[in-house]
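A.B. asks: The lines below spell out each chain.
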Amino acid sequence: MLRIRCPWCGTRDEVEFNFGGESHITRPGLDADDALWSDYLFNKENPRGVHYEHWLHKYGCGRWFNIARDTLTHEIHAVYAMGDPKPELVEKIAGD
Amino acid sequence: MTDTQKNRLETGGRIDRRKAVTFTFNGRKLQGCRGDTIASALLANGVSTVNRSFKYHRPRGVMSAGVEETNALLSVYDGQGDVPVVRSTMRALIDDHRIKSPGGFPNVNFDLGRMLDFTHRLWTAGFYNKIFKWPGWHWYEGMVRRMAGLGHLPAGEDSNRYFHHNLHCDLLIVGAGPAGLAAALSTVDSGARVVLVEQDHETGGSLLGCGATIDSVDSDLWINQTMAAIEDKPNLTVMTSSTVSGYYDHNMLTITDRSTPGVKRFWKVRAGQVLLTTGAIEQPLVFENNDRPGIMLANAAMEYVNRYAVRPADAMVVATNNDSAYRVAFTLDDHGIEVPAVVDARKTVPDEPADEARRRGIPVMPGSVVLNTHGNRALTGVRIGKLAADGKSVTPEGVDITCQGLAVSGGFNPTCHLFSQARGKLSYDTELACFRSDHGLQKVTVAGAANGKFSLSGALNNGAKAGAEAATRAGYTCTPTAISTTETEGYNLEAMRITPCGDSSRQWVDYMHDVTVADIQLAVRENFVSVEHLKRHTTTGMSADQGKTSNLNALTLLAELTGRPVEEVGTTTFRPQFMPVPMGAIAGQRHGDHYAPARLLPAHKWHVRYGAVFEDYGPWKRPEYYAIDGRDRETAIREEAIAVRREAGLFDASPLGKIELKGPDAGEFLNRIFVNNALTLKTGRIRYGLMLNENGIVMDDGVFARLAEDHYLLSTTSANADHFTDWLERWHQCEWPDLELIISAVTSQWAVVTLAGPASRAILQELESDIDFSAGVLPHMSIATGTFLGAPARVQRVSFTGEMSFEINIPALYAERVMKAMMIAGGSAFHVEPIGAEALMVLRTEKGYLHVGGDTDGTTNPMDVGFAGIVARKQADFVGKRSLLRAEDQREDRRQYVGVEPLNPNEELEPGAHFITGPEQGGRSQGMVTSACFSPTLERSIGMGLLESGFQRKGETVKVYDDGRSFEVRITDPVFYDPAGEKMNA
Chain A
1 MLRIRCPWCG TRDEVEFNFG GESHITRPGL DADDALWSDY LFNKENPRGV HYEHWLHKYG
61 CGRWFNIARD TLTHEIHAVY AMGDPKPELV EKIAGD
Chain B
1 MTDTQKNRLE TGGRIDRRKA VTFTFNGRKL QGCRGDTIAS ALLANGVSTV NRSFKYHRPR
61 GVMSAGVEET NALLSVYDGQ GDVPVVRSTM RALIDDHRIK SPGGFPNVNF DLGRMLDFTH
121 RLWTAGFYNK IFKWPGWHWY EGMVRRMAGL GHLPAGEDSN RYFHHNLHCD LLIVGAGPAG
181 LAAALSTVDS GARVVLVEQD HETGGSLLGC GATIDSVDSD LWINQTMAAI EDKPNLTVMT
241 SSTVSGYYDH NMLTITDRST PGVKRFWKVR AGQVLLTTGA IEQPLVFENN DRPGIMLANA
301 AMEYVNRYAV RPADAMVVAT NNDSAYRVAF TLDDHGIEVP AVVDARKTVP DEPADEARRR
361 GIPVMPGSVV LNTHGNRALT GVRIGKLAAD GKSVTPEGVD ITCQGLAVSG GFNPTCHLFS
421 QARGKLSYDT ELACFRSDHG LQKVTVAGAA NGKFSLSGAL NNGAKAGAEA ATRAGYTCTP
481 TAISTTETEG YNLEAMRITP CGDSSRQWVD YMHDVTVADI QLAVRENFVS VEHLKRHTTT
541 GMSADQGKTS NLNALTLLAE LTGRPVEEVG TTTFRPQFMP VPMGAIAGQR HGDHYAPARL
601 LPAHKWHVRY GAVFEDYGPW KRPEYYAIDG RDRETAIREE AIAVRREAGL FDASPLGKIE
661 LKGPDAGEFL NRIFVNNALT LKTGRIRYGL MLNENGIVMD DGVFARLAED HYLLSTTSAN
721 ADHFTDWLER WHQCEWPDLE LIISAVTSQW AVVTLAGPAS RAILQELESD IDFSAGVLPH
781 MSIATGTFLG APARVQRVSF TGEMSFEINI PALYAERVMK AMMIAGGSAF HVEPIGAEAL
841 MVLRTEKGYL HVGGDTDGTT NPMDVGFAGI VARKQADFVG KRSLLRAEDQ REDRRQYVGV
901 EPLNPNEELE PGAHFITGPE QGGRSQGMVT SACFSPTLER SIGMGLLESG FQRKGETVKV
961 YDDGRSFEVR ITDPVFYDPA GEKMNA
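Chain order of the listed sequences is A and B.
Per the numbering used here, residue 1 is the first one in the first sequence, and the count goes up by one each step.
Per the numbering used here, residue 1 is the first one in the second sequence, and the count goes up by one each step.
Quick caveat, the hints were computed from the structure, so don't treat them as lab data.
It is possible that some hints are incorrect.
[What the hints assert, rightly or not] Quick list of the computed label-pair ranges, beta carbon to beta carbon:
no.	chain 1	residue 1	chain 2	residue 2	range
1	A	T26	B	F163	13 to 23 Å
2	B	H138	A	A35	39 to 49 Å
3	A	L30	B	Q589	46 to 56 Å
4	B	N129	A	D13	22 to 32 Å
[Unchecked claim] Sample of chain A residues facing chain B (criterion: CB under 10 Å; computed from the structure):
no.	residue
5	F17
6	G20
7	D39
8	L41
9	H51
10	P85
11	L89
Glycine included, each C-beta is placed from N, C-alpha and C at the ideal position.
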């Protein structure tokens, strides 16, 4: 059960948020070929380490935002706005 | 003293001899004392066999004094029913407790199930996967399930009350034994908010009644002094009878708090730092028949003497591989319990305990192990053998010793369950021969015996130091409190727990599930050599034990059998819960009416007065039909539907999802969401459309009205309203933040009263309003704003029934007033009926209107429901459009939306019935019926469905199969009623 810092409301419990999946996915246009379109629809990153993802503060301000979360430790390295570029992080991965 | 307590010591202990407690055990009336646990009272009464084992139905007695108990899991009557699997070693005895042994048929002392023990060679590890093959597992399942299990759940309502609480602290200390108390003492004045949690009803842990000297006073007095120093401090909270059973991400822990009788509190804790001072669990020794009643962990024997003043046996042999059990032997000796021998697996015994034993006249047998035990429902003796020089075999000659008790110590294993739950790694400590916490991923420290500090001074000092360090990490200034003790006990363990000879199928590793050395040997022969596989194949370490007394021996054996060091074998990962948590505690108040809050219509009371029968539609309580004059459901639905077709029906559509979009880009945004063109819609007009997901699947339908150039009102299906607002927000915020608009859900602000039927316009014209309802001004699919009965109103002409229909949107407060007025206005000249949701579904089925989610599924695209033309005409991109260009989506033999008419007009059609091909094509399903009703207007059975190549098959006769019935239907256009739309457009 995570504690997430909403950029607008402050640190709140995970139950207030909805997970939105991977961030920084570019939506292809109508001219995309089938391979590109299916990659967009179905293929997602599943790293062991830092994952850039978006969350909705559903039972709060109702805003979407991005976080960089370590999938192993659940440590949240950064919180940033939608549309902001991926933050520069030293990819910290805890040992086994 | 009362006469039933024949094993109660005359003096000592922390029980109150003046407060007698009466209870029954398997119907026998017994007595105990205030301060007893159920287990200690049973032992005081000389009860040896308390239960039967899980698989072989062997007699079992109390084997521990705490959380690691695997035998004395009893049924306790709680005023309503027998609560099963109560750990009797932890449950305080109270008056009128009715305690039963769950195992044993006809009773615990004589169990026919013991046949399984005499035929045990048939029931090896995984036997159910090997011998219940023919004719099939289901043939045996009933019998096996009846024989298995740990008791029966009580029936009826639960009288306990359950509450959820939240708790935030800087430091959570789990376990109030010596290390936990030392940590609390060190941090109490640091300013940090500290919570100390103890699962026992009193603090002290292993110190209780132990007689050690700490800071120059007796340990019991030291506990009292420590509690006095910490208890009333505002920053420190002590919770007793509370078990931390789950450790989750970001230092969230859960506590089950049993401190109030009849109430269980479930605490969700957020801790800045966590200190685990959870102690260690003594490990059993493995030898033939090591499970007989009377054999218990050495520390438990000592605790029964010291804390509960119970004599576990008249003569008790002590078997050990380390120094700690000598203290147990001396304690027994101090209380007049004969210790015929200390059997020590080590070749040489350190001087200190050996000298003391000699001084007391207790024989010590170095280099010896227990070979076997005698007795049945109570221990009568043990057989001791000498280890050969290599330590891998035993010299042939053995010696028998008569005794009624056997205290065993295989050394300690730190209680690291919570650390492991927190994703911390455990590693094997070769010196202490146990698994210890290695590195954690969360803000957690382990101290005291849980950290391998098994001596009292080690635990106290380690606890104080770790507590101070944790408080410092939490941002407070803190130094460890110095605590001194005169105890100088060594440990000097030799990792020798398993007697290397004897019948391995009679050497228990896991008492809980009756797993023996032979089972582990078999698993290894069958190549289940990874710990995780071993666990699942043999079930060792599962159930109530959770590896507390079984893991270390099982892993040591696995290592030995596979020729690997234990550290390479590793250990399984522990999962929540550490101790069973009642389901009621997890549910808390969220049951019954509180499970999910019901949403009531603004005019709920009006519906009640009209005899509405309510049904749950998503979160909403909506009238299903109106039982006017006691008419039944079928009659009501038919009469309501007919009323709409003949004159007028009044429907409360308030749950309809209502979302306003406003801003210069509102039109552009909707155009990207809908399959339909939103930009060409004129102000004051309404359009019906579909919304897809990115995979091109129909997610919802709805209508959007253009209130002004930059202002749209979107109506979605009731069930989807909340979800859809989120969906729109997500596209706006995450994909197109550059579009300027505001999305606002107004579902509950506006009530919607729908008047449908040929007389609806005439009725509305009777009522006070500045809106012109005439067909020329307000045609079908248009919207007008104004006032209605003094309320601000939006009137939409849309129809879900196929009749002329007005949706009057007024602020929620006016709902009842408007409905009342309509009934009165209609009542004089027309017959107006309130109609429920079921009649509405009948009407829309007659009209062939799509019900997204009912008539569509997770494969339906807009072309499948007749939107091919609209999709083809729209040039601009919209959500899901690219997916529609895939070859799969363009196929012509997809399942398509059609009408269905059984050839026999009275044939009952059910949603879910399959369209099947003839036998020559293999009787294959080609789709299914999705909606069906008996049409009161057409007086025949009708329906809709999704059928392969359905659009080209209108007029064709197709076979339908439904639950054993099959019959023929004609495929038609889905619109059965008024296909030209003359009534709707009137």
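A.B. asks: Evaluate each hint against the coordinates.
C.D. replies: Hint by hint, here is what the structure shows:
1. A/T26 with B/F163: 13 to 23 Å: For A/T26 and B/F163 the Cβ distance comes to about 48 Å; the hint is violated.
2. B/H138 with A/A35: 39 to 49 Å: 47 Å, holds
3. A/L30 with B/Q589: 46 to 56 Å: 51 Å, holds
4. B/N129 with A/D13: 22 to 32 Å: 43 Å, violated
5. F17: 12 Å, violated
6. G20: Status holds, d = 7 Å.
7. D39: Where the cut-off is 10 Å and the nearest Cβ of chain B is about 12 Å from A/D39, the hint is violated.
8. L41: Cβ of A/L41 sits 6 Å from chain B, so the hint holds.
9. H51: 14 Å, violated
10. P85: Status violated, d = 14 Å.
11. L89: 18 Å, violated
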